[in-house]
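For chain Y, the structure is supplied; the task is to place chains G and R on it using the hints.
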Amino acid sequence: MTRYLGWIAGAGLVALPFVYHQPYHLHLLVVILIWSFAYTSWSVMGRFGLVSLGHGGFMGIGAYVTALAWNHGGLTPWIGIPIALVAGGVLALLVAYPCFRFRITGHYFALVTLALSGIVLQVITATRDHTGGSLGYTPTRYQGGSSLYAMQFTGKTTWYLIALGVWAVGLYVWYRVDRSMMRYALEAISEDEDGAAAAGVHVTAEKLKITVLSAVMTALAGALYCQYQMFISPDTVSGISISLQMVFAVVVGGIYVSLGPTVGAIITILLAEVLRISFGTRAVGWDNLVYGVLLVLFIVFLPKGIVGSLLAAARPRKSVRAVAGT
Amino acid sequence: MLELRSVRAGYGGFQALFDVSLEVRAGEAVGVIGPNGAGKTTLLRVISGLIRPTAGSIAMEGVDLVATPAHRIVAVGIAHVPESRRLFPRMTVEDNLKMGGFLPAARAKYQDRLAFVYELFPRLRERRRQLAGTMSGGEQQMCAIGRALMSDPKLLLLDEPSAGLAPVIVEQVFDLVKRIRAGGLNVLIVEQNVRQVLRVVDRAYLLKAGSIRAAGSASELLSSETIREAYLGV
Amino acid sequence: MAIFDVFLLEALINGVLLGGVLALLSLGLNLVFGVIDVVWICYAELIMFGMYGMYFLYTVYHWPILVAAAACIAGVGALGVLLHVLVIAPLLGAAPINQLLATGGVLFFLQSAATVLFSIEFRNLGLRLPVLKLAGMFISYSRLLAFAAALIGMVLVFLFLSRTYTGAAIRAIAQDRQIMVLMGVDTRRIYLITSALGGGLAGLAACLLVLQYDVHPFVGLSFGPITFLICVLGGLGNFGGGFVAAFVFAELISLGGLYLDLEWGYVFAFVFFIVMMFVRPEGLMARRS
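Quick mapping for you: the protein sequence lines, in order, are chains Y, G and R. Counting in the working numbering, the first sequence runs from 90 upward without gaps. Counting in the working numbering, the second sequence runs from 12 upward without gaps. Counting in the working numbering, the third sequence runs from 72 upward without gaps.
Looking at chain Y on its own, in the form it has when it is part of the complex (with noise of 0.2 Å):
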């Protein structure tokens, strides 16, 4: 039953824009699809207690490499963006190798992931001859904006589909790790390292797969951003805000569920627009202010999440105590 429910709501949305045009809400609609994406990347590690608080570097490598390729080095994106991956996975592949090996995890991992999106930005600062530094950059326009070769498009309906396309892949990628023999691995090695590994479980080696596959998506999701927003600035794509604003959205909208960090990328996207429009100018800060209270609250009252808790609530599981000897 479920399954004609999906197959139903995807035909739904692949038909959305030719019968509703509104630009502005199609605008929305692909920020919130390109941010999803996103946020499903971070979560397909998150779940697995693998915590990075780096995230925002891999979005601004993805972003700033594509750009940078483009304008400076005339390559179009359909190459920029594969080396805008690559970068981020070798980038992940330097900071996590050591990382696992030396079974730097928990709040040792976060710090080093959250020092690392806090050096992507000062590297992308410290090079602002080339990158317009806290200012931003802009990739130059090709034949008016609209070009399968740029990859640059001016329609919204072309970028939906794109965006949606994208997100329905990141959805695809996150149930195949959902059913793959990684996910037990990891499992397992969140719950026991030691255990997992005398099981015959190669753990860094599983946990480098995912990192980088983690990374990789998330440098995907800033490439695009950066094509179709047509702007990038080290704050809007990279940096600590952006990466805890990842772990907002997917403790928000649920952690271990597929659609969770979409439904959180709805809630902090409309959250931030709603904003903007009640308080003007005057908005500025207030957006973050709101997710950090918010934050705060979700994590004390909801750890699940949204989707998590309402999904916990329908299905009450017994729980083991250990015993701490008599």
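No lab work stands behind these hints, which were simulated from the structure alone. Incorrect hints may appear among the rest.
Cβ-to-Cβ under 10 Å is the rule here; a few derived chain Y residues that face chain R [stated by the list, open to error]:
#1 M270
#2 M271
#3 Y273
#4 G328
#5 S330
#6 S332
#7 L333
#8 P392
In this text the structure is predicted, and so the values were computed from the model without any measurement. The beta carbon of each residue, even a glycine, is placed where N, CA and C say it ideally should be.
Relative to the frame of chain Y, chains G and R by itself:
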């Protein structure tokens, strides 16, 4: 002095003690023996406040311990030497002892108590600047007992003092307990090593699978069949 | 050749001076982690508020500077306690990740609150301290002052931890939390005291940093990540390790800034950090897991 009545306690969904009643009268040394997993450690923990009972009453000289916040139970006069010592490994012997005397009432008597402990355990004075984690098992046990004594307690709870120690050291530890007892301190010892503990206590209870199965004087229990059955499951 | 040496020496000395303040920062973070087992991701943002406090009290309301400093230290100390009571305490039993995320939420909140309250303009304390000329090198007096104050602060904390009963309890609780009850220690009180101390150290750091740098809502991003790296490299909860790591990183930043832009100094520090993970992974493990 110490009275437990129908105490139930456990961990989460697992119940470890079933309607345990026992008492330690003034001037007594009491032992609780029983096989592994009987609930002996849980018993001491529920007295000293590390865990709270789900039912029953615990009173020390009339003071209701269940109603007392856990960190104030020491002030009532109960000092607990936990299972496997639980010293602060990266603090010196003297700092560990200092922590034992954390109570305001004990701070006033710090120098006296310290002298008392060092007199009882001269080896500790020698090693007072040594990190507690680097000492041998026997020395750690002495330090742990000394730490508990710093609060000038009326009742000392000892959890498996022989655990992990060589037989020679175990003898020394129990000799020490005898000396402490002789000084007038009440003791409640939980122990697997039946022979050693029955040497130093007046009475003992047999705890098995969370319930008291037998009670009596040390000499009675030493020759009793019940004990043998409980330990060997025969 | 002689000029080259002078600049190098100057950078080295500035590195030491910076190291003092970074060591103070890492001490506060390590203290809270060691005792409460939570990382205050928003630590740098607490400092940021302290810096704003100094700006308003001294520059706008013209309080005497020492009084303003004392008020800031107390104020951020109170913020620390508030943070603990409102956010940390409810989550003490939760998964560590949740605790991290909650302080992340506070980071968001503090940055945004500052943006809303004070706008994103850069504010300067407006205090011009002299620059000492020493053997051809220019050493800023404010840096020297900050270094001295940081050292004094750390010595005071050290004395507190080693000489007082509460200090002993703080050290002990980091090593075995569960049995503190048996010593008659109220762990909640110790957490509050530690939070106040951590906040107070942040307040002191704020006073020192505002002497040298402008304050704006995102200034925390300049030294937050570095502080985390320092603490991780030195071992979370390891005061001595953090102290050494602070000076190492400070020298890297200072020397990096000598040859390239300041931002590259941070990149060097991070690269160094990654390399260190390979070379001395034990250096990254806190003595407590």
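Hint by hint, here is what the structure shows:
{"no.": "1", "hint": "M270", "result": "violated, 24 Å"}
{"no.": "2", "hint": "M271", "result": "violated, 20 Å"}
{"no.": "3", "hint": "Y273", "result": "violated, 20 Å"}
{"no.": "4", "hint": "G328", "result": "holds, 7 Å"}
{"no.": "5", "hint": "S330", "result": "holds, 7 Å"}
{"no.": "6", "hint": "S332", "result": "holds, 9 Å"}
{"no.": "7", "hint": "L333", "result": "holds, 5 Å"}
{"no.": "8", "hint": "P392", "result": "holds, 5 Å"}
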